[in-house]
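Enquirer: Spelled out from the first residue to the last, the chains are:
2 protein chains.
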Amino acid sequence: MGPDTGSGMFIGRYRIGKTMHWSKQLIPTLREVPQEAEIPSHQLMLRAGLIRKLSGGLYTFLPLGLRSLRKVERIVREEMDRAGALEILMPALQPREIWEKTGRYEVLQHVMFEMLDRQNRSMVLGPTHEEVVTSLAAGEISSYKQVPRNFYQIQTKFRDEIRPRFGLMRAKEFIMKDAYSFDMTWEDADRSYQAMYDAYVRIFERCGLRTKIVEADTGAMGGSASHEFMVLADAGEDGLVECGSCTYAANLERAEARIVPPAEEADDQAPEEVATPGAATIEQVSSFLKADPARFIKTLIYKAADKPLAVLVPGDRDVNEIKLAKVAGDAPELADDALVETVTGAPVGFAGPVGLKNCRIIADERLRGAVGRITGANRADTHLRHVSMERDVPGAEYADLVFPREGDACPRCGDGVLHEKRGIEVGHVFKLGTKYSESLKAAALDDQGKLHPLVMGCYGIGVTRTLQAVIEQSHDKNGIIWPMAIAPYSVEVMAVNVGHEESVRIAETIAAALEDAGVDVLVDDRDERPGVKFKDADLLGVPLRVSVGERSLAAGGVELKNRADGEQAVVPVEEAVGAILERVRSLM
Amino acid sequence: MGPDTGSGMFIGRYRIGKTMHWSKQLIPTLREVPQEAEIPSHQLMLRAGLIRKLSGGLYTFLPLGLRSLRKVERIVREEMDRAGALEILMPALQPREIWEKTGRYEVLQHVMFEMLDRQNRSMVLGPTHEEVVTSLAAGEISSYKQVPRNFYQIQTKFRDEIRPRFGLMRAKEFIMKDAYSFDMTWEDADRSYQAMYDAYVRIFERCGLRTKIVEADTGAMGGSASHEFMVLADAGEDGLVECGSCTYAANLERAEARIVPPAEEADDQAPEEVATPGAATIEQVSSFLKADPARFIKTLIYKAADKPLAVLVPGDRDVNEIKLAKVAGDAPELADDALVETVTGAPVGFAGPVGLKNCRIIADERLRGAVGRITGANRADTHLRHVSMERDVPGAEYADLVFPREGDACPRCGDGVLHEKRGIEVGHVFKLGTKYSESLKAAALDDQGKLHPLVMGCYGIGVTRTLQAVIEQSHDKNGIIWPMAIAPYSVEVMAVNVGHEESVRIAETIAAALEDAGVDVLVDDRDERPGVKFKDADLLGVPLRVSVGERSLAAGGVELKNRADGEQAVVPVEEAVGAILERVRSLM
Chain A
89 MGPDTGSGMF IGRYRIGKTM HWSKQLIPTL REVPQEAEIP SHQLMLRAGL IRKLSGGLYT
149 FLPLGLRSLR KVERIVREEM DRAGALEILM PALQPREIWE KTGRYEVLQH VMFEMLDRQN
209 RSMVLGPTHE EVVTSLAAGE ISSYKQVPRN FYQIQTKFRD EIRPRFGLMR AKEFIMKDAY
269 SFDMTWEDAD RSYQAMYDAY VRIFERCGLR TKIVEADTGA MGGSASHEFM VLADAGEDGL
329 VECGSCTYAA NLERAEARIV PPAEEADDQA PEEVATPGAA TIEQVSSFLK ADPARFIKTL
389 IYKAADKPLA VLVPGDRDVN EIKLAKVAGD APELADDALV ETVTGAPVGF AGPVGLKNCR
449 IIADERLRGA VGRITGANRA DTHLRHVSME RDVPGAEYAD LVFPREGDAC PRCGDGVLHE
509 KRGIEVGHVF KLGTKYSESL KAAALDDQGK LHPLVMGCYG IGVTRTLQAV IEQSHDKNGI
569 IWPMAIAPYS VEVMAVNVGH EESVRIAETI AAALEDAGVD VLVDDRDERP GVKFKDADLL
629 GVPLRVSVGE RSLAAGGVEL KNRADGEQAV VPVEEAVGAI LERVRSLM
Chain B
89 MGPDTGSGMF IGRYRIGKTM HWSKQLIPTL REVPQEAEIP SHQLMLRAGL IRKLSGGLYT
149 FLPLGLRSLR KVERIVREEM DRAGALEILM PALQPREIWE KTGRYEVLQH VMFEMLDRQN
209 RSMVLGPTHE EVVTSLAAGE ISSYKQVPRN FYQIQTKFRD EIRPRFGLMR AKEFIMKDAY
269 SFDMTWEDAD RSYQAMYDAY VRIFERCGLR TKIVEADTGA MGGSASHEFM VLADAGEDGL
329 VECGSCTYAA NLERAEARIV PPAEEADDQA PEEVATPGAA TIEQVSSFLK ADPARFIKTL
389 IYKAADKPLA VLVPGDRDVN EIKLAKVAGD APELADDALV ETVTGAPVGF AGPVGLKNCR
449 IIADERLRGA VGRITGANRA DTHLRHVSME RDVPGAEYAD LVFPREGDAC PRCGDGVLHE
509 KRGIEVGHVF KLGTKYSESL KAAALDDQGK LHPLVMGCYG IGVTRTLQAV IEQSHDKNGI
569 IWPMAIAPYS VEVMAVNVGH EESVRIAETI AAALEDAGVD VLVDDRDERP GVKFKDADLL
629 GVPLRVSVGE RSLAAGGVEL KNRADGEQAV VPVEEAVGAI LERVRSLM
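For the protein sequence lines, the chains are A and B, in the order given.
Position one of the first sequence corresponds to residue 89 (my numbering), numbered consecutively onward.
Position one of the second sequence corresponds to residue 89 (my numbering), numbered consecutively onward.
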């Protein structure tokens, strides 16, 4: 373990441990696609021997998976340190009472593992740490001289997922980087937010990830604004829209669209009942009446603050309950059948706004001025047509209530059109404001001696999820294609035939020289058929493969192959180390 | 973040992060000794701002505590890697069923946090990982070609301690390094054990800890042999004995002593009853009869395998139930009063071996050939004297049943005398054998195609406990005295008076040069009285303090002070960096 040599300086910073021979490692590659894995990244993590399942949503990191994970963590740590954040480490186990103080126990209890300790105290496993860190700040920060401060940790989180799946994407136990900023003023907090936003851009770039930054809802976290860092992927669990013309992008829950008034054909006929026997869904009625679902006024009865609420949206749109909650002023829940019948006087499936009594009505903006529409008649097996909103539903309030979709107009630039995408959320930054500092009494004196609650932000990166997202974004049919920065090894060296002494000697000499230069090297020293070794190399996805064999030596040296573009070259033995180092540097 | 300069190479390997100014860090030092802390290391961790309590047994690592922790982890990792162990990371959350397979759920359930998940499965938080790692090995290792393998992790463990205390010494959540070796044969397993033993010696040395290696009982872990690495300290929760002459040392539970036959005075009188009204304890009777407690035969009634068992030990000794269990062939429990009365025919306090019927009798070796002893008469308020073991208790079996104590003869060298000490267990290595591999079916084919259960060892280091043990062993009345290798910073630089521009400029220049050379530097840039800054420096215990002030400049330069020995020197400004680097290297 002597000092690094000069040439390895830059590379050596990225190294983990020492050169490893395959025969002494644990790299249990699999030929078959494991049954348990649905998406490519999950399949590849298992097939390349990066992780193994212990039970649903719980995985062991094998050596190669852990090496890449540590490299992601190091990038995160370097960028957080560079942004001035201070690393701490908070307990996973937490008394339930601190969650009750902020009112979040109720909101999050369904995803928190909870248990009694031997002192009969209720303990939970933290899915996030606002409560703990704000309690810490309340104890340690008391003056404007002590802020801004940003505390982060890279730590294991727990979530009692109802349906853990996709490997590390949605696991019961996972590693997060979570950071929490504390400032005296909202302006300072905005600066802290921006610093984290910028750090996140660098982190994901350095991990080799292409991310889309989208406006997002603040959800259970609370606060005034937030952005998500999304990796676009068909397997993503989050929907988002992005504008084809400008930079607008938003999580589907948060996304708006420019509302284009419906192109209505004049229809001043009075509402008319039409029998629709047995047809209760929009699909059934539209097929029965041969009318476009978009011509329907879908009427949903909710319960909000113990009162009924009728929600109207175009027949081909879905209610975004997050938007609805903001308008309704409470978290509305769909009414049960009994309430629907009480409110409408009809069985479920035939609700409509016309003549509805004692019930607040909120309609989607897209229905403003709509005429000639079809809706339920509040009578069994009956619908109404020729309904005009203005004339027939005079008491309706209007708001944006639906999810935008492919083809909607961009709310920002006006001429762009929105496209729907799926994404994997790898990072999320929130402006929290004073929600937590007020309930946990984290306040500081300003330079006038006046006490203010600290203004907070919080910032998360799913570290284990990021690792898998890289694979989801960077693989081909043969295996993983690691970005150099987080590859478990930077170079894989093999003697094609370990029975050929000269090949083995050259391979080992090259590996030792690379090691001296600070490069992470894996030596495939297995006595296996060349086909098996080459297939495994592609599966592991180490960025640079160096193979030495009778054939390459006859062709003039050793063979270098880039995993990403498949580029191959034979390089003379004596030039090999220099050529490899140059490639490693260029890919770093 | 340019490459390191040549001079910093060696030192740079040990660096964490960048130079930090006190005013931007979180170092909440405390003047007062916190009420919650009983022992020096716990008090100092709180006072120096290394940790803060969240609730009983749960602590947050603040930046300085985490920096030292990471340095301990790095030493552990380097030595484990050097010994050929492979790092993995297993889940903390585990299905209870794997614990039931090995029969350990029953043994350890009282210390395991347990909860139901949303699928209604019983989950536990792992206090150790034999079950998980052996399941992993069962799936991945199938041939002698794949062993030896040793898997380790540095990971968070949970224990539902009934009485968490002493800060990180006995916490509910803590970090362990646990390693597990798998071999084909017992001989190979011995080699794996020795490699870990040797690695542990290096690890604790590098952390600056003086440890005592003692033979220990295998306890709930099972297996054939084990050694503990103990840090001697009055606050230690483990008792141990060590020989004053040879290297023998053992945990009190495991320790033996050479049994010196009692120097008996001849006494051939027949047993004689003596009234001891109301005196039921050895203390009471010995005071009543004016006899040395050592002359008593203490008789304890146990229940083992549902049968009564009388256990006889000298009146001044305590039964070691671990030793007793080995002889009794079951885990004996003290009998309840009813059983004592049934067996002895007398109330509790008057049991004796003479005439005891239908009851197995096991006596401590130290009673072999004893004559003229006093014991209970199996009748209320009555004792017997002139008891001879051979004559009056002919059916007794003999074994070593008691804890050794100060002054006992060494069992190994014969002429040495044992001394009792208290210790903090920081490491423990076990020869496990095939207990886990058999119950979890981890087996491999040998080169003859025959299947053998893998032979295991397991090896733990309490990483967070080690950190605190260093402080317990290395502090003075003013604060911590960090060994260079795990100090949060290697050097603390301060301008004594931040109002004096020249001092500040020199301090910053020196700090920057040290930083360039790869040294971890803390700059105390606070506008505080010199007394406060010097006191805090001693409290933090950074190994080397560099102070610049009008007085030092007048005396010829900057002042260097070693925290450990208090040695001070004034060095010319232009020679300061070189002198500091030399000292840092010599202390590393």
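There could be a bad hint or two in this list.
No distinction is drawn between identical chains; accordingly, a pair holds when it is met within one copy or between any pair of copies.
As the list claims (entries may be wrong) - Using 25 Å as the maximum straight-line C-alpha spacing, the simulated BS3-like pairs for lysine-lysine come out as follows:
1. 538 x 649
2. 565 x 509
3. 623 x 141
4. 509 x 538
5. 106 x 445
6. 112 x 300
7. 189 x 414
8. 529 x 300
9. 112 x 141
10. 414 x 445
11. 233 x 141
12. 411 x 565
13. 189 x 141
14. 414 x 391
15. 378 x 414
16. 538 x 141
17. 538 x 106
Bear in mind the hints are in silico, worked out from the structure with no lab data behind them.
In this text the structure is predicted, and so the values were computed from the model without any measurement.
Enquirer: Hint by hint, which ones does the structure fall short of?
Expert: Going through the list in order, the structure violates hints 1, 4, 5, 6, 8, 12, 15, 16, 17 and respects the others.
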